[in-house]
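Here the protein sequences line up with chains H and V, keeping their order. 754 is the number that this note's numbering gives the last residue of the first sequence; the numbers go up by one with no jumps. 1230 is the number that this note's numbering gives the last residue of the second sequence; the numbers go up by one with no jumps.
Worth flagging that the hints you see were computed from the coordinates, not collected in a lab. No residue lacks a Cβ here, since even glycine has one placed at the ideal position from N, Cα and C. Don't take each hint at face value.
[To be verified] Chain V is faced by these chain H residues, among others (derived, beta-carbon under 8 angstroms): (1) Asn169; (2) Leu437; (3) Asn441.
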Amino acid sequence: MTVAPEKNPPVKLPNEPAITPQIVAEHGLAPDEYERLLKIMGRTPTMVELGIFSAMWSEHCSYKSSKVWLKKLPTKAPWVIQGPGENAGVIDIGDGQAAIFKMESHNHPSYIEPYQGAATGVGGILRDVFTMGARPVANLNALRFGDPENAKTRHLVSGVVAGIAGYGNCMGIPTVGGETNFHAAYNGNILVNAMTVGVAATDKIFYAAAAGIGNPMVYVGSRTGRDGIHGATMSSTEFNEDSESKRPTVQVGDPFVEKLLLEACLELMATDAIIAIQDMGAAGLTSSSFEMAAKGGLGLVMELDKVPMRETGMNPYELMLSESQERMLMVLKPGREDEARKIFEKWELDFAVIGHLTDTERMVLTWHGDVVGNIPIPPLVTEAPMYERPWTLTPLPAELDAAKVPAPEDWKASLLTLMSCPDLASKAWIWHQYDHLIMGNTAIRPQGGDAALVRVPAAPQGTKSAGHKGLAMTSDCTPRYVQAHPETGGRQAVAEAWRNITAVGARPLAVTDNMNFGNPQKPEIMGQFAGAIMGMAEACTALDFPVVSGNVSLYNETEGRPILPTPTIGAVGVIDDIATSAGSRLDQSGLALVLIGETKGWLGQSIYLRELHGREEGAPPPVDLAVERRNGDFVRGQIVGRRVHACHDLSDGGLLVALAEMCLSGGTGACIKLPQGIAAPHAYLYGEDQGRYLIATDDGGALVEAAQKAGVPAVLLGYSGGPNITVDGLLSVPLQELRNAHEDWLPGYMNSAA
Amino acid sequence: MKAAVLVFPGSNREGDVAQAIELVTGRRPQMVWHGDGDFEKVDLIVVPGGFSYGDYLRCGAMAAQSPVMAEVKKRAAQGVPVLGICNGFQIVTEAGLLPGTLMRNSHLKFVCADVHLRVETSQSLFTNRYQAGQVIKVPVAHAEGNYFADADTMKRLEDRGQIAFRYCGPDGSIVDGRGNPNGSSSNIAGVFNDTKTVLGLMPHPENAVEPMFGGTDGKALFEGMVEALS
Chain H
1 MTVAPEKNPP
11 VKLPNEPAIT
21 PQIVAEHGLA
31 PDEYERLLKI
41 MGRTPTMVEL
51 GIFSAMWSEH
61 CSYKSSKVWL
71 KKLPTKAPWV
81 IQGPGENAGV
91 IDIGDGQAAI
101 FKMESHNHPS
111 YIEPYQGAAT
121 GVGGILRDVF
131 TMGARPVANL
141 NALRFGDPEN
151 AKTRHLVSGV
161 VAGIAGYGNC
171 MGIPTVGGET
181 NFHAAYNGNI
191 LVNAMTVGVA
201 ATDKIFYAAA
211 AGIGNPMVYV
221 GSRTGRDGIH
231 GATMSSTEFN
241 EDSESKRPTV
251 QVGDPFVEKL
261 LLEACLELMA
271 TDAIIAIQDM
281 GAAGLTSSSF
291 EMAAKGGLGL
301 VMELDKVPMR
311 ETGMNPYELM
321 LSESQERMLM
331 VLKPGREDEA
341 RKIFEKWELD
351 FAVIGHLTDT
361 ERMVLTWHGD
371 VVGNIPIPPL
381 VTEAPMYERP
391 WTLTPLPAEL
401 DAAKVPAPED
411 WKASLLTLMS
421 CPDLASKAWI
431 WHQYDHLIMG
441 NTAIRPQGGD
451 AALVRVPAAP
461 QGTKSAGHKG
471 LAMTSDCTPR
481 YVQAHPETGG
491 RQAVAEAWRN
501 ITAVGARPLA
511 VTDNMNFGNP
521 QKPEIMGQFA
531 GAIMGMAEAC
541 TALDFPVVSG
551 NVSLYNETEG
561 RPILPTPTIG
571 AVGVIDDIAT
581 SAGSRLDQSG
591 LALVLIGETK
601 GWLGQSIYLR
611 ELHGREEGAP
621 PPVDLAVERR
631 NGDFVRGQIV
641 GRRVHACHDL
651 SDGGLLVALA
661 EMCLSGGTGA
671 CIKLPQGIAA
681 PHAYLYGEDQ
691 GRYLIATDDG
701 GALVEAAQKA
711 GVPAVLLGYS
721 GGPNITVDGL
731 LSVPLQELRN
741 AHEDWLPGYM
751 NSAA
Chain V
1001 MKAAVLVFPG
1011 SNREGDVAQA
1021 IELVTGRRPQ
1031 MVWHGDGDFE
1041 KVDLIVVPGG
1051 FSYGDYLRCG
1061 AMAAQSPVMA
1071 EVKKRAAQGV
1081 PVLGICNGFQ
1091 IVTEAGLLPG
1101 TLMRNSHLKF
1111 VCADVHLRVE
1121 TSQSLFTNRY
1131 QAGQVIKVPV
1141 AHAEGNYFAD
1151 ADTMKRLEDR
1161 GQIAFRYCGP
1171 DGSIVDGRGN
1181 PNGSSSNIAG
1191 VFNDTKTVLG
1201 LMPHPENAVE
1211 PMFGGTDGKA
1221 LFEGMVEALS
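Generate the whole structure from the sequences, applying the supplied hints.
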C-alpha cells in the first residue's frame, strides 16, 4: 500500500491562529523538527495537525533520545510471547496462561499534583495491561522522594500514597509490593513508577494493530474533557519555577469508571468481536489512533464531532490532545457494533462509532463534515526524529578501602540509626493504605519476603482460584550505585531484582524497565543512560532475564539539577507450587542462620557510609554475574526442595540489616557470631557485597555441606531465638527497641507538622 | 446452602466471597446484578465489599436505592438471612436493615491490615461455629469503617446481644482504642439486626479461609452458615 495523495487542504476553523515560530516552539518542536514536518506535509499544518506532530514527536511518545540505546537490551527468550512495542510485555507461564506486565512512570504529573498524578499513573498502567486481554492480578510501585527535610516532601508522600491507594483499592487490584526511597536529588523531581501484572489465556491476547478496510473504529469509556492537554509534551521538558502553573496539564482520574471499563472490556473480549484495541494513554486519541493504523499499515477517517464530550465548545485540537482518562479505542468486526454497544451500555459507559479504517494510510480528521486534518501516517513514524545524542560515560570511582572507614563508636546505636533511617525504616505506613489482600491470592505480603507472591487464578477471566502456581514480583534499583557508576548500577539493579525473585523460590522470567533520568541533551546524563543500559543488557543476558516492556522518563531535572539516574527494574518470576516458597520471616526459635555468598566487606556507596559517616563515596559493589547465577540457582533449589525455612537477600545495609529485618517481620530474635579472623567487623556486618542471601533452616550443617558441594560459599553464623538481636562481643539490641526505631520513623515524620 | 452474591457497579470483593462460599459448599453462588430485582429464591444473600457506584455521595447510599436492594429488604423482612461485608455493611446500614452508620476512619486513611476480633456471641446462624469470647484474626480493608450509633441504640445493641464482633488485642482484651483500626464506637466490628438474621461487619472473613492466604479464622463463619441453612 502507498500513501494516497492529499486531495484538498483542510479547512481553517474560525478563530484558528496562524502558525508562527512562537506557536511551534510552544509545542516543543525544535526548528529542524518543524522543517521535517513541513517536508512531510508539503504545506503549513493546521493547529490540530501541529498538535498531533508535537505529541507524537515528544520524547514521551517517540523515545527519540533513547531508542538507539533501548535496542541494545535483550528481548527474547523461548517464553517471551511479546516483547517491547506493544502496550505491555507478555510471557508464557505454562498451562496455557500468560503473564502480561509493564511498569510506567508518572513522575512529572505527580510532582505537580501528587494525588491525581499518582492515581492516573496507576490507572494508565492498569489499562495498558487489560487492553491486552489480561485481568490485572497485582500492582507494585517504586517511589522516590526528596530529602525528608525538604518542605514539600511530606505533602508529596501523602498525596502520592493516597492517590495510588485511592485508585488501586477502588479497582480491586491488590497492591502487593514496591519500594520507597528518599534523597535530596529528588527534591524537585519525584519518581512515581507504577507496575501492573495481569494474567490472560495465551490464545486470548489482544493487540493494537488495526485490520480490515471499512471496519468501524469505536470509542468507549469516559467522555473527553479538557484535562491533560499537552501532558506528553509537559512530561518531556525540564521543570522550572513556573512548573506549578502546569497543573491543568495533569489528568483527573475516576477509578470507578475504570473498574466498569475493565469489566466491560473483559466481557467483550470473551466474545470474538474485537479485532484490535488500544487504550488512550499519553497523547490520548492521537497516539492510540495513530498506533493502531500505523501497526496495521492502514489509514483512517475519524469524525471528531462524534467523540463523546464532557464539555461544550470543545474543538478538534482539544479532542485530539486531551488526556482524559478511562478511554479505549477499538476496531470491531463489521456488524458486531450492537453486541458491543449492549455490553458497554450495561456498564453505563459511553460507546460511539467515531470512524472507520481506510486504505489511504492517511489520518483524516473531520469536523461536522469538513476535513480539518489530513496527515500521512507512515512518514510521521519513519521520519520521526531520532537522536544519537553525545554521551560521556561516568568513570569508575576508586575503590574505597574498608579499613579507612571507621567502625561505629556505639554498635547498638549504629544498628538503631540504620534501621530508622528514611531509606530503611518500615514503610508500613504506606502499604497499610494499599489493599494488598483483595482477590484472596496474596501469599507473600509486603515485608513478608523479598518479592511479593500471588497465586495465579486457575481460570484467567474468572475469579476461581484453584491452582498451586504463583507469580513472584518485585521492583528494584539502587540509584546511588547507578550515580557512582551507571554500568555497575544497571547490572546491580537487574541482579537484585533477579535475586529477589529467587529468594522466594521462584524462577525469574522477565523484566520491565522504567528508565528515569535527567536531561538527555547533556552528554553526562546521556552517558548515565548509556552506561545503565550496557550494565542492564549484560545482566539480562547473563541471567536469561529478557526485557519485555518498559518506559523512559527523561528531563527529570529542575533548574539544571538532575535526579539520581534511576533505571527501575520490575521483574516477574513463576513458582510451580506456592507451598514450596519461602518468605523472609524469622518466626521460630532454634533455626540455623547460614550466610550464602562471599563477604569481602564492601563499604563503597553503602548505606552505612552514608548514614553513619555522611559520605557518598567510592565504587559501588561489583556484580559478578556468573557468581550471582550460581549462588541464586543453589538457593532456589534449596527453597523448592523445602530445606529452607526463611530466606532474605542481602542488599542495603548488608548482613546485619537483613538479619534485623528477618527478626522484626517474624518476631523472633537471633544470636550470631562472626567467623574467625574478620579484620573489620563493621565491613563484614554492613558491607553491601552482592550475590548473597541469609537463610534460616532446620539443618545448618546439611545446608553448608550442600553449598560446599555446589561450590557456593556458605557459613553458619548462629541461631534464631530470644528477645534480642545479638552479635557476639559487639552488640545486643532488644527486638522491641529496634522495632520502635524501625516502625516509628515514617508515621512520626508524616504526623509531625511541616 | 444456596447463596446469592449481589454485584453493583464498583463491587470488587464479590469474587472473594464467592470463592469462600464455593470452598465451603462446593457450589458457586449465584451472582445477581444490581438491576435485577427478581432473582431466584436463596437461603442467603451476600452484599459484598467494594466501591459501589464509586462510593460517590456517601458509601453505600446509592446502592441502597437500587432495584435489587428493594427486593433484599423485602426478603430480609421475611427472614431470609443477609450478610453485608465492608461496603456491603455500609449498604445494608444505608438501606435501614441495620442500625447505626459507618463514618470515615478516625485517622482519615484507608487501612488494610490483619486485626483481632472478639466473637461476642455464638448464638446466631453466622457465628454458631465460634465460641463466645473466641479471638480470631481476619483482615480489614476500608476507609469508612468507623461505626457510630446514638447512645440509646448502643444500649439496645448491648442489651439485646446484637454486637457480633469487637476489635480487640491479640489476647482478646479491649483496652482504650488498642486494636481498633478505625475509631469505631465501643470497638464494634460487626452488628446484627434484632432477629440476628442480618449481619453487617467491616472485616473480611472471606479473605481468611486458606492457610497460605491469610489464615483460616474466617472459615468458620461460612461453615456455620452452611450448617444453619442447609
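Given hint Leu437(H) near chain V, where the shortest CB pair must fall under 8 angstroms: Holds: closest Cβ of chain V sits about 5 angstroms from Leu437(H), inside 8 angstroms.
Is the interface hint for Asn169(H) satisfied, with its Cβ closer than 8 angstroms to some Cβ of chain V? The hint holds - Asn169(H) has a Cβ within 8 angstroms of chain V, the shortest such distance being about 6 angstroms.
With chain V as the partner, please determine if Asn441(H) meets the hint condition of a C-beta pair closer than 8 angstroms. Nearest chain V Cβ about 6 angstroms off; hint holds.
Figure legend: structure checked against the earlier numbered hints; every hint is met.
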